[in-house]
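There are 2 protein chains.
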Amino acid sequence: MPSTDDDKYQHQRVAAIRAAASVFADKGFHGATTKDIATRLGIKQGSLYYYFDSKVEALHEVCMLGIREYAGRMASIVDSSQPFAAKLMASVTSHLSCYRENNEALKVYNDERLYLPEEKRTRLKELGSGYRQSLEEILLDAQKSGDVRHSLNCRMAAQSVIGLCNAWGHLIVRDPDLDLFGVVQHCTDLLLSGLTNNH
Amino acid sequence: MPSTDDDKYQHQRVAAIRAAASVFADKGFHGATTKDIATRLGIKQGSLYYYFDSKVEALHEVCMLGIREYAGRMASIVDSSQPFAAKLMASVTSHLSCYRENNEALKVYNDERLYLPEEKRTRLKELGSGYRQSLEEILLDAQKSGDVRHSLNCRMAAQSVIGLCNAWGHLIVRDPDLDLFGVVQHCTDLLLSGLTNNH
DNA sequence: CGAGCATTCTATAGATGAATAGAAAAGTAG
DNA sequence: CTACTTTTCTATTCATCTATAGAATGCTCG
Numbered sequence: 001m002p003s004t005d006d007d008k009y010q011h012q013r014v015a016a017i018r019a020a021a022s023v024f025a026d027k028g029f030h031g032a033t034t035k036d037i038a039t040r041l042g043i044k045q046g047s048l049y050y051y052f053d054s055k056v057e058a059l060h061e062v063c064m065l066g067i068r069e070y071a072g073r074m075a076s077i078v079d080s081s082q083p084f085a086a087k088l089m090a091s092v093t094s095h096l097s098c099y100r101e102n103n104e105a106l107k108v109y110n111d112e113r114l115y116l117p118e119e120k121r122t123r124l125k126e127l128g129s130g131y132r133q134s135l136e137e138i139l140l141d142a143q144k145s146g147d148v149r150h151s152l153n154c155r156m157a158a159q160s161v162i163g164l165c166n167a168w169g170h171l172i173v174r175d176p177d178l179d180l181f182g183v184v185q186h187c188t189d190l191l192l193s194g195l196t197n198n199h
Numbered sequence: 001m002p003s004t005d006d007d008k009y010q011h012q013r014v015a016a017i018r019a020a021a022s023v024f025a026d027k028g029f030h031g032a033t034t035k036d037i038a039t040r041l042g043i044k045q046g047s048l049y050y051y052f053d054s055k056v057e058a059l060h061e062v063c064m065l066g067i068r069e070y071a072g073r074m075a076s077i078v079d080s081s082q083p084f085a086a087k088l089m090a091s092v093t094s095h096l097s098c099y100r101e102n103n104e105a106l107k108v109y110n111d112e113r114l115y116l117p118e119e120k121r122t123r124l125k126e127l128g129s130g131y132r133q134s135l136e137e138i139l140l141d142a143q144k145s146g147d148v149r150h151s152l153n154c155r156m157a158a159q160s161v162i163g164l165c166n167a168w169g170h171l172i173v174r175d176p177d178l179d180l181f182g183v184v185q186h187c188t189d190l191l192l193s194g195l196t197n198n199h
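Residue numbers (the working numbering), protein chains in the order written: chain A, 1 to 199; chain B, 1 to 199.
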């Protein structure tokens, strides 16, 4: 098979992307050095350039890893025929498990993507804003069917849901012992019912 | 008056802190250079060291500026005798107006303080966690008096409120046209009643 | 004015880090 | 074992950035 060498290369390349994600999440893009990344991968600084043309390219790969499936999962949730509450919970779950599974990559996407050059950032942004739009659609549908109050500004609400999930996502990355399902439950309840006693 | 020179110095020093805040908010601590800060202030790179011993000290000052009154305001809200809903709204308002007034300093506190050396970070952390505790107290009191549902985990809820406010705070810093009161209203409603139609 | 202090400037030292080049090592196939 | 390829290493270049030193400018008060 002609691809066995390539597979090995790709495998190590992915390992390099994950190493970069980990270091970028810890120290930020500018605070991280290529030496840090190489060390975490177990090779020397210069060797890293066998897998990346530049530090910026590494950041780009990390961001792609962070956002890719995260955005993809939303589409299927919107299209599904679950009731509103289930869709919301699925969204929150999907969002938070991305933080857990990709470890640091999604955090890096959120915090460091602005250091990418314009062109690379634009393509990423499309994926990210697709996520917000999907969420907004879910809310608008629920508003039509009466599940969501009419006074709600769905655009702002989508922004709030994302903000809330990102805030918890950061905590999840920092504290691996945090119970994911507990957080999902808390966030969903909070979003659905608020803090108060008004049923 | 013996302090007129000192006043002038302090005035320019504060201007330097604000310039640093602005640059740190844009480029992050490590992405920012002392030249960037000096240029924004209208002086040359070397001159900046007349006001700071080091770049890290500048970051420290910015973080202090960001968190100081933000933390202070909470205490008075907790102690006040307003009903729960008003306290919550006051907290959200206080949080978000800090973002607007301090411009970038609070953002820097949130995103860059981890680059401070251990000792300096600890003192800041106390102020910040004081904020969370105050919020938690408000929620616990409201739970006792029945304003907040008993199923609520108040510690997590306080975390959520902060996370939500920070998310919007970031948007507020980036977009100065965003209507502060509109955001306050949206967040308070969301937190009090949730998204749904369940009165 | 002119002495003394405050503020800013220029120039540079010293350190660090991204990226490159070419040698070495490891692995694979004939 | 040997020729060839892939991967890693060492050593270096070049640019950049923090921080300092000392000169120049500006300001205030006697």
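Worth flagging that the hints you see were computed from the coordinates, not collected in a lab. One should not assume that every hint holds.
Pairs involving identical chains hold if they fit within one copy or between any two copies, as the list cannot separate such chains.
[Unchecked claim] Listed below are the simulated SDA-like cross-link pairs for lysine to any residue, each with C-alpha atoms no more than 20 Å apart in a straight line:
1) 120 <-> 26
2) 125 <-> 26
3) 35 <-> 120
4) 144 <-> 196
5) 55 <-> 132
6) 55 <-> 45
7) 144 <-> 18
8) 27 <-> 60
9) 144 <-> 7
10) 55 <-> 31
11) 125 <-> 174
12) 35 <-> 15
13) 27 <-> 119
14) 120 <-> 167
15) 8 <-> 153
16) 44 <-> 9
17) 125 <-> 175
18) 27 <-> 56
19) 144 <-> 80
20) 27 <-> 125
21) 27 <-> 150
22) 44 <-> 18
23) 44 <-> 84
24) 144 <-> 13
25) 44 <-> 56
26) 125 <-> 173
27) 120 <-> 47
28) 120 <-> 72
29) 27 <-> 15
These numbers were taken from a predicted model, which means no experiment stands behind them.
Item to check | Identical-chain pair category, residue 120 with residue 47, by Cα at 20 Å | outcome: For residue 120 and residue 47, neither the intra-copy (24 Å) nor the inter-copy (36 Å) Cα distance is at most 20 Å.
Item to check | Same-copy or cross-copy closeness of residue 27 to residue 119 [CA-CA at most 20 Å] | outcome: This pair counts as between: shortest inter-copy Cα distance 18 Å, intra-copy 24 Å.
Next on the checklist: Within a copy, between copies, both or neither: which one fits residue 44 and residue 56 at a CA-CA cutoff of 20 Å?
Outcome noted: within (18 Å within a copy, 29 Å between copies)
Item to check | residue 144 and residue 18: within-copy, between-copy, both or neither at 20 Å Cα | outcome: neither (42 Å within a copy, 47 Å between copies)
Item to check | Copy assignment of residue 120 with residue 72, given that the CA separation must stay at most 20 Å | outcome: within (19 Å within a copy, 42 Å between copies)
Next on the checklist: Within a copy, between copies, both or neither: which one fits residue 44 and residue 84 at a CA-CA cutoff of 20 Å?
Outcome noted: neither (51 Å within a copy, 58 Å between copies)
Next on the checklist: Checking an output row: residue 125 and residue 173, CA cutoff 20 Å. Within, between, both or neither?
Outcome noted: Between copies, since 19 Å is at most 20 Å while 22 Å is not.
Checklist entry - Is it within, between, both or neither when you check residue 27 against residue 56 at 20 Å Cα-Cα? => result both (15 Å within a copy, 15 Å between copies)
Checklist entry - What label fits residue 125 with residue 175 when the C-alpha limit is 20 Å: within, between, both, or neither? => result between (28 Å within a copy, 17 Å between copies)
Item to check | Same-copy or cross-copy closeness of residue 8 to residue 153 [CA-CA at most 20 Å] | outcome: This pair counts as neither: shortest intra-copy Cα distance 50 Å, inter-copy 47 Å.
Checklist entry - Between residue 144 and residue 80, at a C-alpha cutoff of 20 Å, which is it: within one copy, between copies, both, or neither? => result Cα proximity of residue 144 and residue 80: one copy only (17 Å, versus 40 Å across).
Next on the checklist: As a check of your reading, is residue 144 near residue 7 (CA-CA no more than 20 Å) within one copy, between copies, both or neither?
Outcome noted: neither (49 Å within a copy, 60 Å between copies)
Against the hints set out earlier in the document, violations occur for numbers 3, 5, 7, 9, 14, 15, 21, 23, 24, 27.
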